[in-house]
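Number of protein chains: 2
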Amino acid sequence: MKAIYLSKGKLEYRSDLPVPVPGEGEALIRVLKAGVCRTDLEMAAGYMDFTGVPGHEFVGVVEKSATPGLVGARVVGDINCGCGICAFCKNGEQNHCPDRTVLGIKGRDGAFAEYLTLPDGNLHHLPDNLGDAEAVFMEPLSAAYRIVEQVVVRGMGALVLGDGNLGLLAAQTLEIMKANVTICGRHRRRLDVLDGTRVNAVLEDELIPGKQYDLVVDATGRPEGAATALSRTKPRGTLVLKTTTALKRELDLNTVVINEISVVGSRCGPFVHGMALLELGQIRLSAMVEAEFPIEEGPTAFEAAGKPGAMKVVISF
Amino acid sequence: MKAIYLSKGKLEYRSDLPVPVPGEGEALIRVLKAGVCRTDLEMAAGYMDFTGVPGHEFVGVVEKSATPGLVGARVVGDINCGCGICAFCKNGEQNHCPDRTVLGIKGRDGAFAEYLTLPDGNLHHLPDNLGDAEAVFMEPLSAAYRIVEQVVVRGMGALVLGDGNLGLLAAQTLEIMKANVTICGRHRRRLDVLDGTRVNAVLEDELIPGKQYDLVVDATGRPEGAATALSRTKPRGTLVLKTTTALKRELDLNTVVINEISVVGSRCGPFVHGMALLELGQIRLSAMVEAEFPIEEGPTAFEAAGKPGAMKVVISF
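Just so you know, the protein sequences line up as chains A and B, in that order. Under the numbering used here, the residues of the first sequence are numbered 1 to 317, in order. Under the numbering used here, the residues of the second sequence are numbered 1 to 317, in order.
For reference, chain A alone in the conformation it holds in the complex (with noise of 0.2 Å):
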């Protein structure tokens, strides 16, 4: 089948991979479009070390499954594989198995291939006033939403640091949530996408020097911007750490006791609130759409989605 491989850093376009074979539990799903993230390009700037096909943003068609129902359905996917014995699995906590595999990230190849394989029990049916294209934001969105699980947020002064997608989503997010957003960023015309809602969308010189927030969020995908969260972040307020990088950063600790911060690691969040926040129809997606490429050009949409100030990049098969 055809893909994009990602091995010791280097990125390449093939088409010989074997299509994969779904073990026990588990659907065959064709992939129809998949969405480039910044973990994907930081996985291509080496971190996380991972050999194989990458993407864990995806929409698709079950082909193959166990399950009654699910074959032909269009389908996304939690991304997380617990081993489903661990006390982890046992709560309901998979995306915390010491054992997991995730989806285009670790131990498991992802969804820039034309099939992919996840348990059924990890799919979700898409509704049909769901597109396509809105569906690979799932996942992101998600994630933004997992803020939402771990800090109350209505009524909080906010602050969104990044308008790369994760940052657009998680402004929109706290926003529904009744925070009072504003958000961060190096590019207006990504910051434009929330034109007419009522996030303060701002440039990086346009943000009031010294003025701190009740919750800070650190949605730049850069290595400094822990720090420069932490320095926008109340004495006792929270900062809520999304961004992983393949550099180690520097957080200084004695800030973080002196001003009592809370600092919260952020991951994955639970893909039925994510779909219950696109079925609200108040997030703005499809400006936030770059372009779509073929599989075959894979590693050009990685270069066009790590140019400044890019939207969403799309690969279709």
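These are computed hints drawn from the structure, not numbers from a lab. Mixed in with the good hints, there may be bad ones.
No copy is singled out in the list; a pair is fine if it fits within one copy or between any two copies.
Okay, derived cross-link-like pairs now, DSS-like style, lysine-lysine, Cα gap no bigger than 27 Å in a straight line [what the hints assert, rightly or not]:
#: 1; residue 1: Lys211; residue 2: Lys307
#: 2; residue 1: Lys106; residue 2: Lys211
#: 3; residue 1: Lys248; residue 2: Lys234
#: 4; residue 1: Lys106; residue 2: Lys33
#: 5; residue 1: Lys248; residue 2: Lys307
#: 6; residue 1: Lys178; residue 2: Lys90
Values in this document were obtained by computation on a predicted structure and should not be read as measured data.
The hints should help you fit chain B onto chain A, whose structure is shown.
Just chain B, lined up with the frame of chain A:
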């Protein structure tokens, strides 16, 4: 008056300092005893760049005050002094007033002197059944209590790293609040203070390799403590940081994000609750005093407090 004076990292005994003059709403307090804390040692090593009289753990007698009933009272005192008019002060959070002074730490001479001044509102009458030696522990005990204000610990598996005074007090406080507590330190004689309590007190090489806990408190006072504590925190667990150090420290933020750890900076606590804990009669303090030195031997007291495994060193007047 007699005092210990810190300037440019040099600590000296002086007998020529003037008695401080209380400002409006402030009391003049004659110090009876003062405890040497890890923070004092860090300050002597350059932390906070403080010049003046250090010392913030004390018990004393009020000599001057305009507040009825305060003159002659034996007191302890909250060490943070807010401006009284900012949003933090109005909200009862003078600990985080941006213009605050902190007794013996920031902008205000401290307790290693015959006299100090504090706002009347910071002072707490000591009940007769609490001795001077116990009262010296009020500040660190209140700081230990701060943890259970920030985190609901009941039923949690908790690990306290560090068998310094704060570690020993934190372990006992968490145990009283119904956590299942292990404390891990480097000094058998310090850990022995907890003999006969329900706290599991172990040396570093007795800690089960790889075992992780719901809640981990870094009270090591060492730069590498935070990273060790993070490695002992379960995914989705809570890491409480109590340590401030002169050295900059690193924390692996990728692990914080991937394991969705909550890192909680924790500083001073309310004296009223520290006092309540003491009155419960379940905190072991008497075994925690190493030695008492007269103020004239202040620098020697600092040396004694800095020795590995030293218990609380007290300076008396």
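Do the hints match the structure? See the list:
1. In this assembly of identical chains, Lys211 and Lys307 lie within 27 Å of each other by CA distance neither inside one copy nor across copies; the values are 30 Å within and 43 Å between.
2. In this homomeric assembly, Lys106 and Lys211 come within 27 Å of each other (Cα to Cα) only across copies, at 23 Å, whereas the closest approach inside a single copy is 39 Å.
3. In this homomeric assembly, Lys248 and Lys234 come within 27 Å of each other (Cα to Cα) both inside a single copy, at 25 Å, and across copies, at 21 Å.
4. For the identical chains of this complex, Lys106 and Lys33 are intra-copy neighbours only, at 21 Å inside a copy versus 58 Å across copies, given an alpha-carbon limit of 27 Å.
5. Proximity of Lys248 and Lys307 under a CA criterion of 27 Å is satisfied intra-copy only: 22 Å inside one chain copy versus 34 Å between copies.
6. For the homomeric pair Lys178 and Lys90, the shortest alpha-carbon distance between copies (25 Å) is at most 27 Å, but the shortest distance inside one copy (33 Å) is not.
Hint check: a violation occurs at hint 1 only; the rest are consistent with the structure.
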